[in-house]
Amino acid sequence: MANPILTVHDMSITFPDRNGDLDALDTVSFSVQPREFVCVLGPSGSGKSTLLRILAGLLEPTSGSFTFAGGKPKIGMVFQQSNLMPWRTALENITLPLELQSVQADEAHARAQELIDLVGLQGFESSWPRDLSGGMAQRVAIARALIHDPDILLLDEPFGSLDALTRERMWTELSRIWQRRQKTVLMVTHSISESLFLADRVLVLTQRPGKVKLDLGVDLPRPRADEMRYTAHFGELARRLKEAIG
Amino acid sequence: MDWKLLRKPPRTSRRSLHWTAFASLAAALLGWWLVSRFAGLPAFILPAPEQVAVRFWKALTDGSLLVHTAATLTEVLLGLLAGTIAAVTLGYAIAKSRLFEQLVSPYLVATQAIPIVAIAPLLVIWFGPGIFSKVLICALIVFFPVLVNTVVGVRAVPRPFHDLMHSLRATRGQILRMLEVPAALPVLLGGLRVGATLSVIGAVVGELVGSDHGLGFLVNVGRGQYDTALVFVAVFTLIALALALYGLVSFLERKLLVWQETFER
Ligand SMILES: Nc1ncnc2c1ncn2[C@@H]1O[C@H](COP(=O)(O)OP(=O)(O)O)[C@@H](O)[C@H]1O
Ligand SMILES: [Mg+2]
Chain F
1 MANPILTVHD MSITFPDRNG DLDALDTVSF SVQPREFVCV LGPSGSGKST LLRILAGLLE
61 PTSGSFTFAG GKPKIGMVFQ QSNLMPWRTA LENITLPLEL QSVQADEAHA RAQELIDLVG
121 LQGFESSWPR DLSGGMAQRV AIARALIHDP DILLLDEPFG SLDALTRERM WTELSRIWQR
181 RQKTVLMVTH SISESLFLAD RVLVLTQRPG KVKLDLGVDL PRPRADEMRY TAHFGELARR
241 LKEAIG
Chain A
247 MDWKLLRKPP RTSRRSLHWT AFASLAAALL GWWLVSRFAG LPAFILPAPE QVAVRFWKAL
307 TDGSLLVHTA ATLTEVLLGL LAGTIAAVTL GYAIAKSRLF EQLVSPYLVA TQAIPIVAIA
367 PLLVIWFGPG IFSKVLICAL IVFFPVLVNT VVGVRAVPRP FHDLMHSLRA TRGQILRMLE
427 VPAALPVLLG GLRVGATLSV IGAVVGELVG SDHGLGFLVN VGRGQYDTAL VFVAVFTLIA
487 LALALYGLVS FLERKLLVWQ ETFER
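Protein sequences, first through last, are from chains F and A.
FYI, our numbering numbers position 24 of the first sequence as 24, with every residue one higher than the one before it.
Going from the second sequence to our numbering is simple: count from 1 and add 246.
Quick caveat, the hints were computed from the structure, so don't treat them as lab data.
Keep in mind the model is a prediction, meaning the values are calculated, not measured.
In this text, a Cβ means the ideal position worked out from N, Cα and C, and glycines have one as well.
Be aware that a few hints might be false.
[Stated by the list, open to error] Cβ pair distances, simulated, as ranges:
#, chain 1, residue 1, chain 2, residue 2, range
1, F, S191, A, R401, 32 to 38 Å
2, A, Q358, F, A69, 53 to 59 Å
3, F, E99, A, L349, 31 to 37 Å
Given only the sequences and the hints, what does the whole structure look like? Please build it.
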């Protein structure tokens, strides 16, 4: 394998708790290649969000370590709830990361406009978040995560709160955006079809404490379409993931 | 997200609000006129509406009403400003640090138990009958509600927003300016709205205790001279002042919080 962009080594985290400590992650190790799309699959409570929070620098692991190639990475994060600031318009939410880096307003707007075209939000630039549907809000969140050209995208069940139809439309969108932008993606999900639709590789975490139980390459051809679900190979991969989750 | 809970309930339409307010005002005025006309009370107990109107015109044209209103307004605004600055600063520190909260909250609760109205004479004795003692009383009365709202507002900022800002390596100053201030603003302005009305009360209490100008002083003058119409003029001016301040904060809310809802014109 070439040089990984992210290497996680024996990482564990324990939350202090009144009735005994809570082990959330147990010696998790894996690596991610540049431009790879990796899904982390696991039952709820298996420490998936915790893993992303550690990688985003929001939490310290209790032991073990992780390294990004080239030092401190720029992070683009998308959460389960779109997490848009209600006092900013769609456009202003997208430019937030650039404002934090003191990028000139006109350059920020030009870059935001590009992303608005990419995620298909033309005409909603000056909408308030309260007026956006769940799917549109998540598009804004994805655009915001991309605008500062991050080294890695960390997605925490970004489509978990959407209805089934919108969610599947967003899979196609995200696939297209990922291929267009050539980004490294680490995405958390608890849906087997979601991971098989999107990922190059799926890591399965066990029930708490989370431990990598299976590291499965997904060699389904791209672009992946809906019919793919009915192929024998898809069924076989889904079965192996299901077994690993238990 | 529970963020939506912070939104205000839909308002009654403005026009119907104007009409009901106007109708109830007219009814009250008519009732007042009927009582003063037929109850046979002397004017120093209950002056008739037209007597108060004449007295108002006199106070307005001889300039005394403007002078005293300006004096009270100055105290109210300075007190509001000082109290708000102190409360927001301290409130932010309390919201951000549990240790600091534990250090100061016993004192804050103790000061809240002191009735400001009762110590107003003491403050006038200590700081004189001039403007300073009034500003101090206003500031003290404004302080607590604004403090509480600041703490609540800053603490209510949803954690995912903080996560987002930290994942983007925002500095403390950026988090304050781009997250905490706008997120806490609705609650803070709510505190300011209450504070503005309280500040008027503070100024009047201070003036009643001892001063040589202001609308509270005018109330004292009117009472001393059995010029009850003048007392009415002063009281109505105070009501107008409090309403104007309340309206000013509501106007600020409408300007600053457009993102909350579409306001009716
Ligand atoms: N800050 C925290 N303090 C204490 N316990 C936590 C904290 N964050 C997460 N946990 C616990 O760690 C476990 C894993 O949580 P999480 O990473 O959110 O799981 P997932 O995202 O896979 O559903 C859960 O049992 C959760 O209660
Ligand atoms: Mg989670």
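How the hints compare with the structure:
| no. | hint | result |
| --- | --- | --- |
| 1 | F/S191 to A/R401: 32 to 38 Å | holds (35 Å) |
| 2 | A/Q358 to F/A69: 53 to 59 Å | holds (56 Å) |
| 3 | F/E99 to A/L349: 31 to 37 Å | holds (35 Å) |
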